[in-house]
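*Asks:* The residues making up each chain are set out below.
Protein chains: 2
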Amino acid sequence: MKNLVYIQSGGPTSVINSSLYGAIKEAKKHPDLIGHIYGSTHGIEGLIDDNLIDLGLEDDEQIELLLQTPGSILGTTRKKLPKDIHSAEYAKIIENIKKHNIGYVLINGGNDSMDTCNKIAKLVKELAIEDVKVIGVPKTIDNDLACTDHSLGFPSAAKFVMNAVNAFSVDAGCFKKGKVHVVEIMGRDAGWLTASVDLLPEATRPHLIYLPEMTFDLEHFLADVKKVYDEKGYALVAISEGIKFERDMTNVRVDGFGHAQLGGAASELCRIIENRLDLPTRAVEFSIVQRAFPGYVSLTDRKEAIMTGKKAVQAALKGKTGKMIVFKRVSQNPYKIKYQLAPLSKVANAVSHVTQEMMVDNTRMSDKFREYLRPLVDGEVKLTYKNGIAPVTVLKRIKVK
Amino acid sequence: MKNLVYIQSGGPTSVINSSLYGAIKEAKKHPDLIGHIYGSTHGIEGLIDDNLIDLGLEDDEQIELLLQTPGSILGTTRKKLPKDIHSAEYAKIIENIKKHNIGYVLINGGNDSMDTCNKIAKLVKELAIEDVKVIGVPKTIDNDLACTDHSLGFPSAAKFVMNAVNAFSVDAGCFKKGKVHVVEIMGRDAGWLTASVDLLPEATRPHLIYLPEMTFDLEHFLADVKKVYDEKGYALVAISEGIKFERDMTNVRVDGFGHAQLGGAASELCRIIENRLDLPTRAVEFSIVQRAFPGYVSLTDRKEAIMTGKKAVQAALKGKTGKMIVFKRVSQNPYKIKYQLAPLSKVANAVSHVTQEMMVDNTRMSDKFREYLRPLVDGEVKLTYKNGIAPVTVLKRIKVK
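Taken in sequence, the protein lines are chains L and V.
Per the numbering used here, the first sequence starts with residue 1, numbered consecutively.
Per the numbering used here, the second sequence starts with residue 1, numbered consecutively.
It is worth saying that the hints were derived from the structure and are not from the lab.
Here a beta-carbon is modelled for each residue, glycine too, at the ideal position from N, C-alpha and C.
Heads up, some of the hints might be wrong.
Example chain V residues on the side facing chain L (calculated, C-beta under 10 Å, incomplete) [to be verified]:
| no. | residue |
| --- | --- |
| 1 | A283 |
| 2 | P294 |
| 3 | G379 |
Please build the complete structure, drawing on both the sequences and the hints.
*Replies:* As structure tokens, then:
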């Protein structure tokens, strides 16, 4: 009988621990096949440094709270493994896999983490350690993983962004002469999350929307902002953090080494608007909150996150390896997906962008996009509260010797 | 029979429209005493410029949605009326009160707005317009209104801040080597809102808490941040926007006029931490979201907001004027308040601060504070959703001729 190790990797999401929850629940159903359920602390680092904790020793109550706990409860990492799978760190991974009699390696992450996952799967195959199965669990609020209809965590982040901008919008528009509000939303390469604001009703939808997939022309941008402001007395602009524009280098702060200190995209654009249009501005970044907000988790997202954790265990038990769980949308109305497997080698080197046919212009997305997103953000979760606060999991973290 | 005009003033809150809802509901119960229910657009400006809308012509469905609509649905203002109540703007106010046969003026606002409210009450009295009653409805997320146990909107903002920091905290702590996260929370003069994070359990409570009521020593601050970081591998610091510290003026951006461009307190402190301690940082501002977030409205706050709107109408109908509704806590366990009236003249010129006996040090508040806050943030509201979004009120805004 083999043990299972679960790894959380990369930036967390609001439902990352729901997948862990699903995996634990499923693994416990197979006491004849799976011995211990281990968690690797700080992603792959735990498997390199022999830092595993025994999840079987945690209280049931804390396992249940995983469903409303954002952040990576096991700890995460942004570490990239070396390209050469024969280098020292891989040897340590194999050593610890053997030491702890591990037969199932589940890695929950985004693009970079699937690359790690792929490398380990390759190495295990090359070394002919037949009884070690490696499965990827998709996760990224950026929604840019390839081979899948969508990625876990994105729907909940989108639900937060939509509802936060919806509320924000009423407040932003309630002064006679307001400001130009530039809201910066996560997404370096893909604009899925920013595009989600398009689902808002006209009264609260941002006037202008900019994704990394669109050409961003600063002069057009300034002209559009001015036009909206002149007409409405305020403006609400949603931008992806990854939009590309030529920075205005006048008045840029320079540090002791002579390096220009650039701000985030929103604050830079606000500075340019103030300099060029002489309008009052407010830059807003939702920061980590957008990926770590139990209050607006999408029910669809949570259910799928749990199910994906389960499916990953099932796939490993069936002897599958070197694969990631992916979603195929088989019906739009009613919304229905099928869980399938895609080769990690195919996932690891691709990025999924918002397509041209999903965008209309810098004020609207297309019906195609709206149809795509609507079922994903559907349904609300009910949190448990104690003294007005939604409690999160606290683990005992008992180290495996 | 006289008409009623309702005014929203100053910075909005998550429950400001719940008080309007309560006032409309109560006013409609007295068709024999109250004719039309008007809303003044953009605070007192609507009464100066004759911009009133008829709230009696709005759809019931939209009135119900007021309960989950943040922002000032009528529009608001930060306009301060001149000191001299014999100046032109007051004359216009009186003119429009007469023109629209107004007998009840309800002003929902914070300290500055209660000053406006007080001036109008004084003027009406001086002019001996006996049949015009002026009543204040308290509201400020800063919780710094005097004469009252607390102010409407503060409990919901506290509930958001607590839950957002709770979630944020798990995410912030999940990397092996993390950052110094400085979270800036609203509150220029009073630290009530920042102090609310003290209610979090130890696992997620910020390591350091700074209110405007505390002496802030930059060197001590840096030493404390370093100590926490060395011990934990990351740090979470909560600060009020109004804390006072000597800005580090090296590397400060200077605009075209030679004026130093200072950032918010959090980003300034992060810059100092990077310069002095050479640690990675992340500045976070919850910005408008903390005062405009229907998802974490406190049930206690919403109930009291509705009831206060009702009580204001009742007080005006009873002939009271020049007063604000205040809350007196008559029982702690179970929590119970009495609605009373306080003279506007007393409210208008005072500020309520966090007291010395509510603070322990820069890591903890006292039991007294926790007992005070706990019942205020209690209870959750259930929102209605459509396509994953909690809809907000959209008014027809039919202007009164």
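*Asks:* Could you run down the list of hints and mark each one as holding or not?
*Replies:* Status of each hint after checking the structure:
1. Checking V:A283 against chain L: minimum C-beta separation of about 9 Å stays under 10 Å; hint holds.
2. With its C-beta approaching chain L no nearer than about 6 Å, V:P294 sits inside the 10 Å limit, and its interface hint holds.
3. At its closest, the beta carbon of V:G379 sits 7 Å from a beta carbon of chain L; the interface hint therefore holds under the 10 Å criterion.
The structure meets every hint from the earlier list without exception.
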